[in-house]
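*Asks:* Here is how the chains run, residue by residue.
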Amino acid sequence: GQNIDQPTEMTATEGAIVQINCTYQTSGFNGLFWYQQHAGEAPTFLSYNVLDGLEEKGRFSSFLSRSKGYSYLLLKELQMKDSASYLCAFTGGSYIPTFGRGTSLIVHP
Amino acid sequence: ETGVTQSPTHLIKTRGQQVTLRCSSQSGHNTVSWYQQALGQGPQFIFQYYREEENGRGNFPPRFSGLQFPNYSSELNVNALELDDSALYLCASSRESDYGYTFGSGTRLTVV
Numbered sequence: 001g002q003n004i005d006q007p008t009e010m011t012a013t014e015g016a017i018v019q020i021n022c023t024y025q026t027s028g029f030n031g032l033f034w035y036q037q038h039a040g041e042a043p044t045f046l047s048y049n050v051l052d053g054l055e056e057k058g059r060f061s062s063f064l065s066r067s068k069g070y071s072y073l074l075l076k077e078l079q080m081k082d083s084a085s086y087l088c089a090f091t092g093g094s095y096i097p098t099f100g101r102g103t104s105l106i107v108h109p
Numbered sequence: 001e002t003g004v005t006q007s008p009t010h011l012i013k014t015r016g017q018q019v020t021l022r023c024s025s026q027s028g029h030n031t032v033s034w035y036q037q038a039l040g041q042g043p044q045f046i047f048q049y050y051r052e053e054e055n056g057r058g059n060f061p062p063r064f065s066g067l068q069f070p071n072y073s074s075e076l077n078v079n080a081l082e083l084d085d086s087a088l089y090l091c092a093s094s095r096e097s098d099y100g101y102t103f104g105s106g107t108r109l110t111v112v
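Residue numbers (the working numbering), protein chains in the order written: chain A, 1 to 109; chain B, 1 to 112.
With the rest of the complex left out, here is chain B (with noise of 0.2 Å):
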């Protein structure tokens, strides 16, 4: 058990549409930072936010949004998707104090 749950868990698109991808965070966790993972590569980063903040942004377009919520629940809305989007997305948390993050499992998306 990870503390920090994602949902869905799998999801199919079409390109073009959008799609909200949602985490919970640990209570506490006032830090959560979005990755992207393309098979076979390493997390990407997306964006961060602290205490419901963009608090730092990767090289990603603007169609890649998000929002925090008081309650360390986030959010990850991706607009127009594209094939390229198809990725395992992460959501990881951690204390503003903290050094370590926790992850959550991902959300499997694959963009047809």
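Next up, chain A with everything else stripped away, as it sits in the complex (with noise of 0.2 Å):
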């Protein structure tokens, strides 16, 4: 069956590096997506990776191992704006993405 997997929630520092880990699993499998969502609000989309390795956008990066079936988003410089919920998703054969349940993230001073 399909089955992803996220932390519920993370705390940092204002300034920090924060890293999120989701794990995926699929018997087809085509990319993988970041969406950052904040409180009320529609997500918006961060990243896609289909090749394995790391990809840098900015103050975000994300990396892909299909082998592991295993993703993380990499937030450098943490801004108070930064608080939200990160949702990872993958797309199988359908190309239709498959949610985690978030990743509600609190930046403090």
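Each hint should be verified, as a subset may be incorrect.
To be verified - For each label pair, taking beta carbons as the anchor points, the in silico distance ranges come out as:
| id | chain 1 | residue 1 | chain 2 | residue 2 | range |
| --- | --- | --- | --- | --- | --- |
| 1 | B | Ala38 | A | Ala16 | 28 to 36 Å |
| 2 | A | Thr44 | B | Phe69 | 35 to 43 Å |
| 3 | B | Glu53 | A | Ser27 | 47 to 55 Å |
| 4 | A | Asn30 | B | Asn77 | 23 to 31 Å |
| 5 | B | Gln26 | A | Glu77 | 27 to 35 Å |
I should point out that these hints are in silico values taken from the structure, not numbers from a laboratory.
Backbone N, C-alpha and C fix where the C-beta goes; we use that ideal spot for every residue, glycine too.
Assembly of the complex is requested from the two constituent chains, each provided in isolation within its own frame, with the hints serving as guidance.
*Replies:* Okay, here's the thing in structure tokens:
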């Protein structure tokens, strides 16, 4: 079957670095998304990894290991506005994203 | 401005009633998916439409149905509402060749 797992909640300090992990199981795999969702708002696209390795985009980087069914989102130089839920989602043969429950990140001063 | 708009933003309905939620996608976005997001959970896939045909369905009963129109708008209909249907309903669209989905801000449905 299909399964995706990520931590429920994480806390970090402003200016620090945080890594949010995501593991998944699926029989067919095409790619892995990361979305950011502030409370009461729509999810916004952060990254999409298809191949193994690290992709960097400003303060945010995303890593994928297809053989391990593992991804992480790395946030550097944390800001208070980064407090949000971070959603991991994979696409299988249907290209329809299957989402995890999200990781609530709390950034404190 | 996300380019995907949903209406209404909030809605309160009584158990047993029917509801229609609407989504207007960006021009050229011929793929639309609907998701249900309960509080503290990730979005759960309801169904997807591609060029006005249902293209995939999640684990939701038949009382959840949808339509997609040629003008890139779509509807989610839910019959015989249950208390557990209370959630944020998200619409997400993409162009055929895109991998990234653009989400609307959602409709918060409360069933009492």
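*Asks:* Now, for every hint given, state plainly whether the structure supports it.
*Replies:* For each hint, the structure was consulted:
| no. | hint | in the structure |
| --- | --- | --- |
| 1 | Ala38(B) with Ala16(A): 28 to 36 Å | 31 Å, holds |
| 2 | Thr44(A) with Phe69(B): 35 to 43 Å | 25 Å, violated |
| 3 | Glu53(B) with Ser27(A): 47 to 55 Å | 25 Å, violated |
| 4 | Asn30(A) with Asn77(B): 23 to 31 Å | 30 Å, holds |
| 5 | Gln26(B) with Glu77(A): 27 to 35 Å | 32 Å, holds |
Of the numbered hints stated above, those contradicted by the structure are hints 2, 3, listed in ascending order.
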